[in-house]
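Number of protein chains: 4
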Amino acid sequence: MSSTWGRNIRISVFGESHGTGIGVVLDGFPAGLALDMDQLAAEMARRRPGTGRHATARSEADQVEILSGVHNGITTGTPLCGIIRNMDTKSVDYADLQILPRPGHADYTGQVRYGGFNDPRGGGHFSGRLTAPLVFAGEICRQYLETKGITIGSHIQTIRDVIDCPFDPCRVGVSELELLRTMAVPVNDRSCAQEMLDAVEDARLAMNSVGGIVETAVIGLQPGIGSPMFRNVEARLSSMLFSIPAVKGVEFGDGFALSAMTGSEANDAFYMDNGHVRTRTNHNGGLNGGITNGMPVVFRVVVKPTASIFMEQETVNLKTATDAKLSVKGRHDPCIVIRAVPVLDAATAIAILDLLLDPNPVVAANPAAGPG
Amino acid sequence: MSSTWGRNIRISVFGESHGTGIGVVLDGFPAGLALDMDQLAAEMARRRPGTGRHATARSEADQVEILSGVHNGITTGTPLCGIIRNMDTKSVDYADLQILPRPGHADYTGQVRYGGFNDPRGGGHFSGRLTAPLVFAGEICRQYLETKGITIGSHIQTIRDVIDCPFDPCRVGVSELELLRTMAVPVNDRSCAQEMLDAVEDARLAMNSVGGIVETAVIGLQPGIGSPMFRNVEARLSSMLFSIPAVKGVEFGDGFALSAMTGSEANDAFYMDNGHVRTRTNHNGGLNGGITNGMPVVFRVVVKPTASIFMEQETVNLKTATDAKLSVKGRHDPCIVIRAVPVLDAATAIAILDLLLDPNPVVAANPAAGPG
Amino acid sequence: MSSTWGRNIRISVFGESHGTGIGVVLDGFPAGLALDMDQLAAEMARRRPGTGRHATARSEADQVEILSGVHNGITTGTPLCGIIRNMDTKSVDYADLQILPRPGHADYTGQVRYGGFNDPRGGGHFSGRLTAPLVFAGEICRQYLETKGITIGSHIQTIRDVIDCPFDPCRVGVSELELLRTMAVPVNDRSCAQEMLDAVEDARLAMNSVGGIVETAVIGLQPGIGSPMFRNVEARLSSMLFSIPAVKGVEFGDGFALSAMTGSEANDAFYMDNGHVRTRTNHNGGLNGGITNGMPVVFRVVVKPTASIFMEQETVNLKTATDAKLSVKGRHDPCIVIRAVPVLDAATAIAILDLLLDPNPVVAANPAAGPG
Amino acid sequence: MSSTWGRNIRISVFGESHGTGIGVVLDGFPAGLALDMDQLAAEMARRRPGTGRHATARSEADQVEILSGVHNGITTGTPLCGIIRNMDTKSVDYADLQILPRPGHADYTGQVRYGGFNDPRGGGHFSGRLTAPLVFAGEICRQYLETKGITIGSHIQTIRDVIDCPFDPCRVGVSELELLRTMAVPVNDRSCAQEMLDAVEDARLAMNSVGGIVETAVIGLQPGIGSPMFRNVEARLSSMLFSIPAVKGVEFGDGFALSAMTGSEANDAFYMDNGHVRTRTNHNGGLNGGITNGMPVVFRVVVKPTASIFMEQETVNLKTATDAKLSVKGRHDPCIVIRAVPVLDAATAIAILDLLLDPNPVVAANPAAGPG
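Residue numbers (numbering that gives the first Met the number 0), protein chains in the order written: chain A, 0 to 371; chain B, 0 to 371; chain C, 0 to 371; chain D, 0 to 371.
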């Protein structure tokens, strides 16, 4: 019961990197949505490996077959299952990983967790490949959110030491976020895209890897989404974001920088804007008490450098219980930050939809309450 | 269904800051633990307000009455309920907050969420006071973890610009963590404690507030705890940590700093140490694929500056839907970082115990598996 | 995590029969309901012991103290906690039960389950007394359902061999159900009330006990409540009903009698009634595919004879592991069927409210769909 | 979030009767079980339609393709997905059902629930065909339970007025239960098998249908499984059993017959048997307080007559909102009781495994506790 997430919608992700197939069941999804299959394919393509020098050489069509939950192109409301068959598997590349675990990867911990029975090929169920069904499910959720006027978008904040302009957390807009979805290297300042690719190429040539930070914005959310204490937006989003392999940190609004600020700097003053309550700044990332206040929800996620690098590393031989050397083979990205962007968009969409569907029954409007 | 958390154990937190009482039900807790009531009282005291110039003037005994789940001083295994009555409430101080919401606080969002019916006094259910039952439940969990050789401890990494030494993530030890639990200002480098108090006092005098970062370590965890994808240690811990008011960021191991590192720098090389698999560095915070690898689990949390500050602030009048000024009254800490430490210890204990109790059935050891 | 139930609302029941107190946290309950405290007290009184010769001699005021979740008499939407202190406890009566378990009771199984640490006094957490917080929580849920036009009521179908008239499953009405709530012995045919009391008195004089069947109806439910497969009304209701001590069977509509019917007898023919779809018969208890069809939801529950009887019984001595004799002391009802009625009403209200709050998002009405 | 069930293991069932495929994800299943694929195929065959005159004419191979969670024939511990493609679909047979809903079926309620977007063909997600993935998942669970010495078996207690001998609830044994698994018409008294088939054939010739009762036994369960209040065995099992289409009643032990018994008749006296606590009778079906007492767990389920019958029935035309007549076409069993037996075995196995995996941590054995 570990690969299942959600309350109002529930996703159940399955599969191993080099098994027969991977996929996801999406239970509780709203009925009546006409799926945009082209857009779905476009998101799958964004995540897919092998579309550039900076990506793994593995070539997978990542064609999703929908087995259920869609009738005449429209969601039925009953569980929606999509599967992707694994095609280009070269499992021989990974034969040793059960004995010589890769540093920074789950080869060792997965083996302990499952008593040695987990499928070790290509990381098995721990593989980044499992983010493909996440993108599939998330893009469907995003299409629903779109009908509610909610837009999600992400840009690469940094790759190694190359830094993009951050979002303006008060004014980030729909067209800006939609544009990012179409870019090979989604950045606010286009001039840094090539620098980022260069940093990745440098790492590749050095048989090394690099990481980075992705910043995501969600706009169009009504105030009042989320609940205290444990079902607040930060808690639910983070539980989803930390489920993406390689994510090691999540911060909302100004995040860790808030530690050096004073209250008067960190507080976002309220003001009335055409009958709506807004804040003049957005250091809190659109969330007060973990509940949306109507401003853009903004957060950042760190994606660590790919653990699978080609230079020789120290490890242990689990068979002989001795120290050993390892030279990783196979096909590995020197940087997964770019491919992580659609995954983060998708994961965000899943979490936001689950929160949005929370029942919020109020017997009658309290006249004491002001404008919401 | 928002103030309930957990799977194997489940806590249900209730109460409002100025209502009759607050408390928690802890369901699924192991039977047979003789509670150390002195240690429980000590942890409650660490969190309690009013124990220093840097803390709120509100004075609460925070005496917990245990209604159930303990018989002859030993846990029964059936639900354990502890309640704390609110004594020193001056609700008149908060009368205006429903009309003039405090910036950075949940006054506005809570009101929207509950249609204006939530108890506005002192933040109601959103109040930091709700962390008292969390400390109660968490300390009981910690006492159980102690019987399993698991130790949790935290130090204040920063308050504003005052910086403590970080944990040595490979070698942090039991006595070090236990010592922190006894310190008024828990820091690794004692020389910075007074500087931190000075920074808080400066903020108080300026009718302002400051935040900081807390670093936590958990040691004694066996490898193999946690599960892919969504029930990994990072996802579960973060969902608990982000439920604590004022927490705006969580990072594991080197966290956001990993974004500027290469894979060869970030990977923690394995080696054999007396028959045990260990890593030479611990940039991943004891977690590979979100599963414990036997090294200390280390993470940091940012606590934003207290939102309630005494200097005049801009806000809106929700009755008239116009801009307004607000001077917060009442009793508020200029810094909650110090009091957050026992809360973070407690929250960590709850999350770790919940994960530790996961069934992990393996039909038979696989001889192919090496040392675990 | 065993005494927690629900998804949209979540109740967490705690307490032991002879401990300090018992109670319940109700999380996720709608904001804005003005509680009718008199009606709440009336329901608590219906369940309370000691109100007749046929009931246990234990005398408990069962005064509920609300600690949270209600402000100015109106629900806040945040967790609502109610506690009841145990007053009239004579634990000495139960001292032996840990050694000599009562047949038919949970003394033995509870002890095995909790390694001997559970509170054995009066059945501890297994006691029927734990239904008091259930009535408290359920009555609050029922008051909310009432605002939605939903009425719940139950009558005693049988006590031993005394049989009441069943509900007319197509025409059972609001006033009929509300009347039952006011009756000391709630029956459709008043002439059988005294016979039932006589059957109970006979059992009491014989130092024995009797059981019976309760029939419950829920009216005013819109069609379309419940979901396939596992969240259908029958599955959710039964999971709640079987949680009430002494319930050993649950059947919907004609229930077990359907086994002897043909399809043409069992199917409920649809017809149009003033623009509404209705059925001419109601053998399926208002549920098709586990989803409400707009007809009354009708079900029956069997309540076994009280396990605690005063005549001497065979048991075992768990200390010496030998056969033994037991004469139960203490205060026990010779029949709990009458007191079970408000418990079943309450449990039904909780389950129905949880289902009613399910989000049921449909992007747009399908013009292909007919009248609902 | 309706087609997902379980806590320690979690199944997510998907598919529609006439869609591309159906299947199930089984998350949390133990690692290391070598699957017996022949036994799996045998159970699938027991449920499969078209294997007799008494069964539907639809012919489906029901070949399950395992996509994940099994490596080298052994379970990996990560999610196990099995899919079954729909082959022999004749959807034209069902074209009218969206307009003329079948009495006793979910055609109408499903349409209301999903705003008319659910797949109406063959009952869509409500179809009995969805029990095929349940059998698949359940048989895998049963194979695991077998390694723990737990045996599950069921016989047909009645079909219409033909009655089989009940289980001896104290002495029902392994070989008896295993034998039932191999019988075309699983009964204790073989002489009634042909009578049952005759009753089914009579119904078929009359263009009608019949129902019945199935009795199930689970033996080999240790005492102490299950928890108060809501996670007791009866509550969890019933929530699973009522999820099977056509089940309208569930009773444990003597069930509804307990209503006419006295306490002295209903209580099961304890005695010592070779160092084990046993009961002389088993009117409570192996469960005290909803927790196993070590005796066989015995329960009965009523399966209503197939709703789809060929004789003309009254219904409504949802398009025109007028009364109408319906003659069901397609392929339908005149009795599904026989095919329901493997489904009930499977559902029982899933529920029992989920309960068996509950963590039951006790700090130390209480010397006060006797033999368990």
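Treat the hints with care, as some may be off.
It does not matter which identical chain is used: a pair holds within one copy or between any two.
Said to hold, decoys possible - DMTMM-like, lysine to aspartate or glutamate: derived pairs with alpha carbons at most 25 Å apart: (1) K147 - D35; (2) K147 - E177; (3) K318 - D272; (4) K318 - D167; (5) K324 - E313.
Keep in mind the hints are simulated off the structure, nothing from the lab.
Please read these numbers as outputs of a predicted model, since none were measured by experiment.
Hint by hint, which ones does this structure get wrong, listed from lowest number up? 4
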